[in-house]
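K.L.:
Residues per chain, in single letters:
Protein chains: 2
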Amino acid sequence: MIHLCCHALPVRGKYKDISEKRCYKEQGHAGACEEFHYLSHLSQFHKRVADKIKRDATKTTGAAWSSEEAGPNRIDRWVMLQPDEVLLRYGLDMSILKQTVVAKLREKAAPYSDCMDAAVKLTWLAYQMPDAPECPPENKDYLERRIGPMNRSSTTCIVCRLPLSFSLFMNAQRGKAEIETAHSNPRAHNSENIGFAHRECNIAQGSKTLDEFYAWIAGIIERT
Amino acid sequence: MIHLCCHALPVRGKYKDISEKRCYKEQGHAGACEEFHYLSHLSQFHKRVADKIKRDATKTTGAAWSSEEAGPNRIDRWVMLQPDEVLLRYGLDMSILKQTVVAKLREKAAPYSDCMDAAVKLTWLAYQMPDAPECPPENKDYLERRIGPMNRSSTTCIVCRLPLSFSLFMNAQRGKAEIETAHSNPRAHNSENIGFAHRECNIAQGSKTLDEFYAWIAGIIERT
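Protein chains in written order, with our numbering: chain H, 1 to 224; chain P, 1 to 224.
Hints were generated in silico from the structure; no laboratory data involved. Careful, some of the hints might be misleading.
[As the list claims (entries may be wrong)] Restricting the straight-line Cα-Cα distance to at most 20 Å, the calculated cross-link-like pairs of lysine to any residue (SDA-like) are: (1) K16/H - M80/H; (2) K59/P - L162/P; (3) K104/H - K208/P; (4) K104/P - H37/H; (5) K98/P - E178/H; (6) K108/H - D51/H; (7) K208/P - K54/H; (8) K208/H - G219/P; (9) K208/P - G206/H; (10) K54/H - F36/H; (11) K208/H - R199/P; (12) K208/H - R161/P; (13) K208/H - I203/P; (14) K104/H - I220/P; (15) K208/H - H7/P; (16) K208/H - A218/P; (17) K208/H - I2/P; (18) K208/H - N202/P; (19) K208/P - Y15/H; (20) K98/H - E178/P; (21) K208/H - E192/P; (22) K98/P - M170/H; (23) K208/P - R161/P; (24) K104/H - R199/P; (25) K98/P - P111/P; (26) K59/P - N202/P; (27) K208/H - I18/P; (28) K208/P - W216/H; (29) K208/P - R161/H; (30) K208/P - E178/H; (31) K208/H - L162/P; (32) K59/H - N139/H; (33) K208/H - G206/P; (34) K98/H - N171/P; (35) K208/H - K104/P; (36) K54/H - Y15/H.
[To be verified] What follows is a set of in silico ranges between Cβ atoms, one per label pair, in the way DEER data are often shown: (37) N185/P - I203/H: 17 to 23 Å; (38) D84/P - P133/H: 41 to 47 Å; (39) E85/H - M150/P: 21 to 27 Å; (40) I221/H - E26/P: 39 to 45 Å.
We treat Cβ as the ideally placed atom computed from N, Cα and C, and that holds for glycine.
Let's have the full structure, built from the sequences with the hints guiding it.
P.N.:
See the structure below:
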């Protein structure tokens, strides 16, 4: 258990009136308040990974297709909790989007605190990949007290359950990394429900929950 | 068994010098020579299905992403059999495309006759979906003599092995039909290897052969 500082930080940008930003350091910490201090080491030495964790934890995913109708790309997940009439005040007209696009955006919505907890969980998982860099003691202590003990090589793909290599963060095909942030239930975004998966596993899971996916493939095996 | 007319038909368009077009009616047929006479009924009453069969049988698939680098979209599969230097004469510069894009285009290549046989097979399969329209006797006779006896409700998804409903051709999400043309081996395009699949099944199969896919999901089941 850990008591967090939770000091409110200044929010900038278009959505500042409907956003919050807090300090996630431990209560009584030294130095300036920060949201992502536990990512300091990855930010310095594996920036792509740190950026991915922040982005996936806090933003809706990008549209896989590009068109006016595709709607806003990479928007703060908590903004998507606001009703249509509020979003309209911010220039986001949900009524012109296709229903399927609205549904996709809305199911990515999550409160700020869930997103922040998800980022901690993803960082904790990344450091437990077999070939992950050593986690500096001060970050490790924080992550372990937030989530639990860390064991090297214990992070597996949430879909196929095989170990995930940290190096896959670097491999990219057509701009897509071979590791994706994945959800046991794709319609919920929180630390319980989040993890990493091979890109092909995440694609195969699609919009199914993991339970649905396993039942589905078990049915296929039975019929073949 | 059936002896085909095979009379060469005039070819138009950019690639006419490296394309062929033949009559696929039976030898000694009445009326004009035609490539796709057995699709006459679907073309009239279910144009979307007939067009899909012709397109998927003869063209490379469209790029899922749009950019200059994505290369040519929906090109005749047999054109993709030509070496780079020939394609260059037709304004298709393969050397400026990413290797992954070239590989994707090249693996969709197939001789004209394989594409034409694939179209017959897909038509034969479509008419055997549980809720397919009645196949007119003259078309049915041709299809059965080309491929084999037709039984209502015998067409299943090649991936999940569940019956496929003809009505799924009409349902479309974001412009994508719920039925896709699929291949037991995604790197071969011929009548043995082709069939229909649910969109989600085809996506889950990805670039694996069906054998690889079944082995992969069996492994997942074992580990869960």
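K.L.:
Okay, which hints does this one fail, numbers in order?
P.N.:
2, 3, 4, 7, 14, 15, 17, 19, 21, 25, 27, 32, 35, 39
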